[in-house]
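Asks: Sequence:
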Amino acid sequence: MKIRCFQSSITLKKIPATAALHRVPFTSPHMATLATYPDTTGLPVRQETHADTQTVRTIAANLAARFAETAAERDRAGGTPKAERDELRASGLLRLSIPTVYGGLGASWHTTLDIVRTLARADSSIAHLFGFHHLLLATVRLFGAPAQWEPWFQQTATHNWFWGNALNPLDERAVSSPCNGWLEFSGQKSFCSGALDSEMLIVSARDIDTNALLIAAIPTQRSGISISEDWNNIGQRQTDSGTVTLEKVRIEHHEILGNPGPLSTPRACLRPLIAQLVLTNIYLGIGEAAFNDARHYTLHEARPWPSSGVERTGDDPYIVGQYGEFWAGLEAVRVLADRAAHRLDDAWARDAALSEEERGEVALAVASAKVPAIRIGLDICTRMFDVAGARATHGALGLDRHWRNLRTHSLHDPLAYKLRELGEWALKRTYPKPTFYS
Numbered sequence: 001m002k003i004r005c006f007q008s009s010i011t012l013k014k015i016p017a018t019a020a021l022h023r024v025p026f027t028s029p030h031m032a033t034l035a036t037y038p039d040t041t042g043l044p045v046r047q048e049t050h051a052d053t054q055t056v057r058t059i060a061a062n063l064a065a066r067f068a069e070t071a072a073e074r075d076r077a078g079g080t081p082k083a084e085r086d087e088l089r090a091s092g093l094l095r096l097s098i099p100t101v102y103g104g105l106g107a108s109w110h111t112t113l114d115i116v117r118t119l120a121r122a123d124s125s126i127a128h129l130f131g132f133h134h135l136l137l138a139t140v141r142l143f144g145a146p147a148q149w150e151p152w153f154q155q156t157a158t159h160n161w162f163w164g165n166a167l168n169p170l171d172e173r174a175v176s177s178p179c180n181g182w183l184e185f186s187g188q189k190s191f192c193s194g195a196l197d198s199e200m201l202i203v204s205a206r207d208i209d210t211n212a213l214l215i216a217a218i219p220t221q222r223s224g225i226s227i228s229e230d231w232n233n234i235g236q237r238q239t240d241s242g243t244v245t246l247e248k249v250r251i252e253h254h255e256i257l258g259n260p261g262p263l264s265t266p267r268a269c270l271r272p273l274i275a276q277l278v279l280t281n282i283y284l285g286i287g288e289a290a291f292n293d294a295r296h297y298t299l300h301e302a303r304p305w306p307s308s309g310v311e312r313t314g315d316d317p318y319i320v321g322q323y324g325e326f327w328a329g330l331e332a333v334r335v336l337a338d339r340a341a342h343r344l345d346d347a348w349a350r351d352a353a354l355s356e357e358e359r360g361e362v363a364l365a366v367a368s369a370k371v372p373a374i375r376i377g378l379d380i381c382t383r384m385f386d387v388a389g390a391r392a393t394h395g396a397l398g399l400d401r402h403w404r405n406l407r408t409h410s411l412h413d414p415l416a417y418k419l420r421e422l423g424e425w426a427l428k429r430t431y432p433k434p435t436f437y438s
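At position 383 of the sequence shown (counting the first as 1) the number is 383 in full-length UniProt numbering, and the numbers step up by one without a gap.
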């Protein structure tokens, strides 16, 4: 079955190639004027290599252990996890998915997503920020030209930049207007995860004349950008997913990701699948965290029910059976999530040769993992109290945060539409239509 990259409900404005890109040395994005980028003409041919996955996993596991110690307390406080973000910077993991030729670690998507899951088991807000950072790096690579993303990758790897998000294509309040050879973005964007304390920002606006969607990569500290600390939702409380206000923000044409542009080719259409797999691994990590916390409480704190006839809660057959359900569900999601990540890596390696059908197969694998990640995760986050007991609801433990985090984040895009996409394939052999959410 044929699919077409999503261009029906938005008009994508093509921007000329960046052959005339201004390239002068540039070491910090914290400038109110224009950001310019280093010359990369002498770089060797681009190539992908794999990171030392064991070392990477050890670093991530050590970070996760530290983050877990304060996760419940920080969840109650909300706000920006500045110290934890700085630990991620210092760890080198912000360059995990960047190819080694640009100073990165050259990790596969499978490894990168595995680290997202590891962090989510400790703190799903941190995993959210980390996963979206790598999604945004993929965004500039898939939507932009090498002359744009190569220097951005170099600078990110050198200076451990954090990338933040002010894209949200569903929020169309920001507009782009022509202005004396450049563009000006004005308006607001909601759900801007990770914008606070970032060095670079992906922003979008609609062309005021054509309604074309324009996406740009700019320094977060550029004049005219205001980031509100107004995120106060019940879950994912340290993702800073609040509002970004743009007031006549100057955007150079060479900062627009227009070649090839958003969702313009099968390869560019991998971007939403990376996003969905980041979410899937966050959800799986939350489910695993709820399982681990419940297991610890059952084994070390819970009291057996008087009529159970056992001395330890862990010997109650009704409790043991529920853990069997939890485990089977998590194992299934792990297999599906890993399969989807490997298929993404295979598709990524196809580069410009990726076909619409190959992209469609990845989309099906991703959706097939995401649906049970949400359903099984929410089930465990709810029923963990059945196996831990009433005392596990004590506010100081903060065990309710697992449900709040998963319930909040799983509303990113409606589950019903993922099921519809899978149903269209199961019934009619129609691949999911590429959008920013599928």
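In short, the hints are calculated from the structure, not lab data. Yeah, the Cβ is synthetic: ideal placement off N, Cα and C, and Gly gets one too. Keep in mind that a hint or two might mislead.
Claimed, not checked - Now the in silico label distances, taken between C-beta atoms and shown as ranges: (1) D351 x E424: 25 to 31 Å; (2) A352 x T55: 46 to 52 Å; (3) R350 x S91: 48 to 54 Å; (4) S91 x V320: 34 to 40 Å; (5) R375 x E424: 15 to 21 Å; (6) V320 x N62: 29 to 35 Å; (7) R375 x S223: 44 to 50 Å; (8) I208 x A328: 49 to 55 Å; (9) P146 x N233: 25 to 31 Å.
Asks: State for each hint whether it applies.
Replies: Cross-check of the supplied hints:
As the Cβ distance of D351 to E424 is approximately 28 Å, the hint placing it in 25 to 31 Å holds. The hinted range of 46 to 52 Å is not satisfied by A352 and T55, whose Cβ atoms lie roughly 32 Å apart. Against the hinted window of 48 to 54 Å, the Cβ-Cβ separation of R350 and S91 comes to about 31 Å, which falls outside the hint. The hinted range of 34 to 40 Å is satisfied by S91 and V320, whose Cβ atoms lie roughly 38 Å apart.
At about 19 Å, the CB distance of R375 to E424 agrees with the hint of 15 to 21 Å. A hinted range of 29 to 35 Å holds for the C-beta pair V320 and N62, which are about 32 Å apart. Between R375 and S223 the CB atoms are about 46 Å apart, so this pair conforms to the stated range of 44 to 50 Å. In this structure the hint that I208 and A328 lie 49 to 55 Å apart at CB holds, the actual value being about 54 Å.
Between P146 and N233 the beta carbon distance is about 38 Å. The supplied range of 25 to 31 Å is therefore violated.
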